[in-house]
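There are 2 protein chains.
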Amino acid sequence: MEALQAFPEAGAIQSDVVITNSIGANEAVRLRCRLVHVPGAGWEQIAAQSLPSGTTVCNVHGHEVPIAEFTLHAILEHCLQLWQYPSRLDVDAWAEAYADRAPHDEAHGKTLAIVGFGHIGQEIARRARACGMHVIAVTRSGRQGLALSEPLAHEFIAVSALDEVLARTQALVVCCPLDDSTRGLSGAHQLALLPAQSLLVNVARAEVVDEQALYEALRDKRLGRAVLDVWYQYPKKGQTPVNPSRWPLHELPNVRATPHISAITPALLDRRYRFMARNIARLQQGQPLLNVICQVP
Amino acid sequence: MEALQAFPEAGAIQSDVVITNSIGANEAVRLRCRLVHVPGAGWEQIAAQSLPSGTTVCNVHGHEVPIAEFTLHAILEHCLQLWQYPSRLDVDAWAEAYADRAPHDEAHGKTLAIVGFGHIGQEIARRARACGMHVIAVTRSGRQGLALSEPLAHEFIAVSALDEVLARTQALVVCCPLDDSTRGLSGAHQLALLPAQSLLVNVARAEVVDEQALYEALRDKRLGRAVLDVWYQYPKKGQTPVNPSRWPLHELPNVRATPHISAITPALLDRRYRFMARNIARLQQGQPLLNVICQVP
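Order-wise, the sequence lines are chains G and H. Each residue of the first sequence is one higher than the last, beginning at 1 in my numbering. Each residue of the second sequence is one higher than the last, beginning at 298 in my numbering.
Don't take every hint at face value.
Each computed EDC-like pair below joins lysine to aspartate or glutamate, with the alpha-carbon atoms no more than 16 Å apart [unchecked claim]: (1) H:Lys534 / G:Asp92; (2) H:Lys518 / H:Glu548; (3) G:Lys236 / H:Asp389; (4) G:Lys236 / H:Glu393; (5) H:Lys533 / G:Glu251; (6) G:Lys221 / G:Glu251; (7) H:Lys533 / G:Glu96; (8) H:Lys534 / G:Asp100.
Since the hints were made in silico from the structure, they are not lab data.
Using the sequences and the hints given, assemble the complete structure.
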């Protein structure tokens, strides 16, 4: 995934296939290859418009399963609030914890809005429905994109109508691609519309949720909790270490912060490498490539 | 739920309906009532055989939803192993955690054996199937008890054949009633058959799993992890505090111990009180009672 480090400093970069999730404009113009295969789904760091004419860019899915599991876990954890119980149930803790048991919540019957209803959103919906949640799919068009045998959401709304459903949303999951139309999609106004006990889960890209608005809503407890696996600042080799956010999100007790791990499973890597190998074989055999996201004109 | 404390010390106890989950033999023989309504599902603490002839005992479900959510959370948590990440993702933790990310597991594709396939087991199965798990239902007969439109498990086996499936089981969930046939059902032999990374979840009654065998399997890491919500010893008012187990399960890092909370949600209480009110109305109107578990001959 760090293939760019192997790129020469100057001159043409020649290969049949380049597997990478990041190509800057400087590298892109020098690249001579038939296929750039992103080893994941997000390709916002590929300067596709600077690639030479004829280059094909493909991506690969397979991460929808672990990301949906991560998201469902976040929703159930928010309901169960297990952190309120002692981690060690010894003789003293036991008597007290048993006497003081407080009711927790159920996911069952709650409303879940899923922003982005591609592979990930649909897998989240499948699991949430089995838990008895009411699922609202928020898509660009307000319609279910893929032809499925059964609708996976109870409601489909266009992203332009998002504000109208937030007041009845107990869990808002962000799993759409990051682009100009989705950057800051969930801002101060949207977060203010959510009920105070709501949960926000971001497994997409951090910037879909406005950074300052998120921090302030959580700090002021206008938003119940956030489970964040994607961040505004990432560590980069040879650079000064950074916090995951410019705002001290890490100081807030109602934030569960994970270091971009939701999709990292051996099964995912296995699915992805198999897929890329299959696609490279197709390239070799002159068959149409799968998951083409861009063909430079 | 502490109705027995209101019982007189001696003499007959007269009422139309008694709501309680515990009647000892001494109280039972003095009870003159038409209906004993257990406000939950388990009625192993009702000395039914000592109740006067003609008494009806009913129980109430509705706890299958929160218990299934608790169980699914336990399974996903076991896969995600979020405890391996820093709880506070500040500047130092962030760089280290991001660099050191290790793959975690998926529930998808794993095998789940559910011992007891009543209301709770079925709700667990419904959710686990949506997560892509392979579900084995372990029942008394080896068949699905209720007439359902679709089988909720991929395999049905009799409890007498449990040993045969344990070696391919990654998660074993115990949610059967406690009686003479299930006490110690999961003993040293069964726990030894499970793969070393397996998860055991007990949301039934502690004694279905042999106490010493469970402790030793976890201590020796022959069993990966246990999520235990039910216990071998409970605090009792006016008595010396006790540990939840006679064995120091609370000292083990691979035990997640919760103080019998899986079912305690406002929605559950609401469902249960509505059900009991409806059953009492039926008693008053001479209609057949629902959920009759015992009619003393």
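Each hint, compared with the structure:
Under the criterion of a C-alpha separation no larger than 16 Å, the hint pairing Lys534 of chain H with Asp92 of chain G is consistent with the structure, at around 14 Å. Between Lys518 of chain H and Glu548 of chain H the CA atoms are separated by roughly 13 Å; this keeps the pair inside 16 Å, and the hint holds. With a CA separation close to 13 Å, the supplied pair Lys236 of chain G and Asp389 of chain H stays within the 16 Å bound. For the hint linking Lys236 of chain G to Glu393 of chain H, the alpha-carbon distance of about 11 Å falls within 16 Å, and the restraint holds.
A threshold of 16 Å between alpha carbons decides the hint, and for Lys533 of chain H with Glu251 of chain G the separation of about 39 Å lies outside it, so the pair is violated. Simply put, Lys221 of chain G and Glu251 of chain G have alpha-carbon atoms about 13 Å apart, close enough for the 16 Å limit, and the pair holds. Our distance criterion of 16 Å between C-alpha atoms is met by Lys533 of chain H and Glu96 of chain G, whose separation comes to about 11 Å. About 13 Å separates the Cα atoms of Lys534 of chain H and Asp100 of chain G, which keeps this hinted pair within 16 Å; it holds.
Hint check: a violation occurs at hint 5 only; the rest are consistent with the structure.
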